[in-house]
Amino acid sequence: MTATDAAAGPGRPSASPAAGKVVASLRRRHAKERNFRLFGLAAVILGLGFVAILFASILVRGVPAFWQAVVVADVYFDPAVVKIEDPPVREAGESDAAFEQRRLAWETRVTMVNWNRLIEQALLRLVPDGEGKSRDLLALVSSSERYELRDMVVADPGIVGRTVRMELLASANVDVWLKGNIDRSLPDGQQALPAATRAWADQLRADGAIEMVFSRWLFLNVDSRSAPAAAGLAGAFVGSLYMMLIVVLLSVPIGVASAIYLEEFAPKNRLTDLIEVNINNLAAVPSIVFGLLGAAVFINYMKLPLSAPLVGGLVLTLMTLPTIIIATRSTLRAVPPSIKEAALGVGASPVQAVFHHVLPVAVPGILTATIIGVAQALGETAPLLLIGMSAFVANIPATPLDQSTALPVQVYLWQGNELRNFFESRTSAAIIVLLALMILLNFVAIVLRQRFQRRW
Amino acid sequence: MNDPRAVSALEAAMSRTMTVPAAPPATETKVSARDVNVYYGEKHALKGVSIEVPERSVTAFIGPSGCGKSTFLRCINRMNDTIAGCRVTGEILIEGGNIYDPRLDVVELRARVGMVFQKPNPFPKSIFENVSYGPRIHGLARSRAELSEIVEQSLRKAGLWEEVKDRLGDPGTGLSGGQQQRLCIARAIAVSPEVILMDEPCSALDPIATARIEELIDDLKANYTIIIVTHSMQQAARVSQQTAFFHLGNLVETGATEQIFTTPRDKRTQDYITGRFG
Numbered sequence: 001m002t003a004t005d006a007a008a009g010p011g012r013p014s015a016s017p018a019a020g021k022v023v024a025s026l027r028r029r030h031a032k033e034r035n036f037r038l039f040g041l042a043a044v045i046l047g048l049g050f051v052a053i054l055f056a057s058i059l060v061r062g063v064p065a066f067w068q069a070v071v072v073a074d075v076y077f078d079p080a081v082v083k084i085e086d087p088p089v090r091e092a093g094e095s096d097a098a099f100e101q102r103r104l105a106w107e108t109r110v111t112m113v114n115w116n117r118l119i120e121q122a123l124l125r126l127v128p129d130g131e132g133k134s135r136d137l138l139a140l141v142s143s144s145e146r147y148e149l150r151d152m153v154v155a156d157p158g159i160v161g162r163t164v165r166m167e168l169l170a171s172a173n174v175d176v177w178l179k180g181n182i183d184r185s186l187p188d189g190q191q192a193l194p195a196a197t198r199a200w201a202d203q204l205r206a207d208g209a210i211e212m213v214f215s216r217w218l219f220l221n222v223d224s225r226s227a228p229a230a231a232g233l234a235g236a237f238v239g240s241l242y243m244m245l246i247v248v249l250l251s252v253p254i255g256v257a258s259a260i261y262l263e264e265f266a267p268k269n270r271l272t273d274l275i276e277v278n279i280n281n282l283a284a285v286p287s288i289v290f291g292l293l294g295a296a297v298f299i300n301y302m303k304l305p306l307s308a309p310l311v312g313g314l315v316l317t318l319m320t321l322p323t324i325i326i327a328t329r330s331t332l333r334a335v336p337p338s339i340k341e342a343a344l345g346v347g348a349s350p351v352q353a354v355f356h357h358v359l360p361v362a363v364p365g366i367l368t369a370t371i372i373g374v375a376q377a378l379g380e381t382a383p384l385l386l387i388g389m390s391a392f393v394a395n396i397p398a399t400p401l402d403q404s405t406a407l408p409v410q411v412y413l414w415q416g417n418e419l420r421n422f423f424e425s426r427t428s429a430a431i432i433v434l435l436a437l438m439i440l441l442n443f444v445a446i447v448l449r450q451r452f453q454r455r456w
Numbered sequence: 001m002n003d004p005r006a007v008s009a010l011e012a013a014m015s016r017t018m019t020v021p022a023a024p025p026a027t028e029t030k031v032s033a034r035d036v037n038v039y040y041g042e043k044h045a046l047k048g049v050s051i052e053v054p055e056r057s058v059t060a061f062i063g064p065s066g067c068g069k070s071t072f073l074r075c076i077n078r079m080n081d082t083i084a085g086c087r088v089t090g091e092i093l094i095e096g097g098n099i100y101d102p103r104l105d106v107v108e109l110r111a112r113v114g115m116v117f118q119k120p121n122p123f124p125k126s127i128f129e130n131v132s133y134g135p136r137i138h139g140l141a142r143s144r145a146e147l148s149e150i151v152e153q154s155l156r157k158a159g160l161w162e163e164v165k166d167r168l169g170d171p172g173t174g175l176s177g178g179q180q181q182r183l184c185i186a187r188a189i190a191v192s193p194e195v196i197l198m199d200e201p202c203s204a205l206d207p208i209a210t211a212r213i214e215e216l217i218d219d220l221k222a223n224y225t226i227i228i229v230t231h232s233m234q235q236a237a238r239v240s241q242q243t244a245f246f247h248l249g250n251l252v253e254t255g256a257t258e259q260i261f262t263t264p265r266d267k268r269t270q271d272y273i274t275g276r277f278g
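Chains A and B, in that order, are what the protein sequence lines are.
According to this note's numbering, the first sequence is numbered sequentially starting from 1.
According to this note's numbering, the second sequence is numbered sequentially starting from 1.
Excised from the complex, chain A in its bound form:
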């Protein structure tokens, strides 16, 4: 470019005042362009930098929580401690209810067994100097482990009298101590664990009796207050899953149908203008307001259960609808009108023209809109707090009508847990799970979009 300019330079009247002005202004314009590009680049780098810091800090804190300390010990199911009769066998002519009652009574008796005694005996074999300090010994292991032993016996009563090598989940405080999340120089009075327990923990770790294993509890267990080491995300995960299901099932058909109607069929008049303005306004309403609405309408008026994923899903549907409607409408608007005209031209009815030709072209965009909306709903916390989903729930919800929490609410709850040393990394781990789910959703959106686009 410059070479030809230079070559052509002498031959043409470049000395004219206009050409001089152009050259002068060119310099200014190029400078402006360069500055703008630099500015844009700086903005992008700054944004990426913050994202990197965010991810790095979450990963650094959260990843260690995916590994937890366990005490590998031989547990002898001592018949002298586990003194229970054989499980009830159903008798001929016995009703379901009567048998169930006998079975429950048996299970209650099994629960009453001194399971801690078994754990204590197992630990004593590892640390013989713990004799007589059962309290300090039991502080090594999460209090949830006695139920683990009970469940093993209930599942297979023949285990009594045998010795089983087990990974006993270490208590949260031991986990914190071993991971160095507490200042080891603090005086005894300020330590959560007794001095003896701390010494045993270090000794067992050095001996290899305490190992760090992948924390299946984080994924398989529900939240727990009494045994924080065993607190998991299963309940919140299933609750979030139910809510996403409800959001997708309700907001996609309703949202896409409204968008199609408003964009393709609705007459353009004051009323539809008003509707459009209001949809745009709804998209900007703070989500907590939707929570209030949900509490007032679904819980107070319709008497739906508190803390239920059904109500959460309905509230999130209300919140997601405007997003889906607006995004779908803009996608439909981007379909060239010539396609619709062509369909009308061969005699398709307006509904046929839209459903046979306009909608298929818009599907990738609608999918993207849906996933953006659903991802937004997945991460929403504020409205869920108002419909009681921040309650402590220690069950995996079996149906959308059962009490439950949700992943972001679980993050909020753990973030506020008083056992800071332990739950700080647990919270980050929950955030990682939530983010992974979001990334997965976005990935699905991209794959679907590519698939549908390739068809034409």
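Read the hints as simulated data drawn from the structure, not as lab findings.
Since we're looking at a predicted model, the values are computed, not measured.
Do not take every clue at face value.
No farther apart than 20 Å at their CA atoms in a straight line, the calculated lysine to aspartate or glutamate pairs in the EDC-like style are these [stated by the list, open to error]:
1. K119/B <-> E341/A
2. K125/B <-> E341/A
3. K179/A <-> D202/A
4. K83/A <-> D156/A
5. K268/A <-> D81/B
6. K268/A <-> E42/B
With chain A held as given, fit chain B onto it using these hints.
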């Protein structure tokens, strides 16, 4: 399409086009407009147009940009209905029936009056689906074989069969511009319309593709009544038997093409065809 009158009209039209090969110069009027006015909101876009379009011939609408020729063309299959704020008065008769009769089904009308647009606009689907769409929604084929037959015949009539017969499953949007426009013509004739409206069908095409389309129009006039809007006076002179000159929303002059181009009666026509404005 459930209207028995409509079906019989369509069948009558189909049987006529099938049985009359290379018809003699037609004299019967196919489309006649009486005092048609079109308003876009406040704007009076078309002012009292009355015209008779003879059967099985090519009628060209010419005139400078914004003169209302496309507007009038889009009245003939009521495509203007889709534009918000557009109002049409007067009447347009096709074989004596008023197409602005409130009892008339627009879908049925558009099956009788096909349209080819300025920019080739094939559906983003396969070539086969493009042509078969119309017959399929109107239920013109009883079987898949019959549908294939209609597709082949339409593509043959549009002069595209030899080029695409081996790749009917390929997307219609992958064809060249001229092929796409012929595909659109095939799509229009697949529903056996009586009238084909063409809105500047060659304006987006190169001269070779244009020549092919013009040849095609010449062939099609044996079976169809064709109305073409064109910016090119040469094209109007080449393909049409009748020409109508529009100016500022008025139909200025209409007559046999040779007469319009050699001895126009109106001064404005004279000025336009000699290139003094436009």
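How the hints compare with the structure:
1. K119/B <-> E341/A: holds, 11 Å
2. K125/B <-> E341/A: holds, 15 Å
3. K179/A <-> D202/A: holds, 11 Å
4. K83/A <-> D156/A: holds, 15 Å
5. K268/A <-> D81/B: holds, 14 Å
6. K268/A <-> E42/B: holds, 17 Å
This entry satisfies every hint, going by the numbered hints stated previously.
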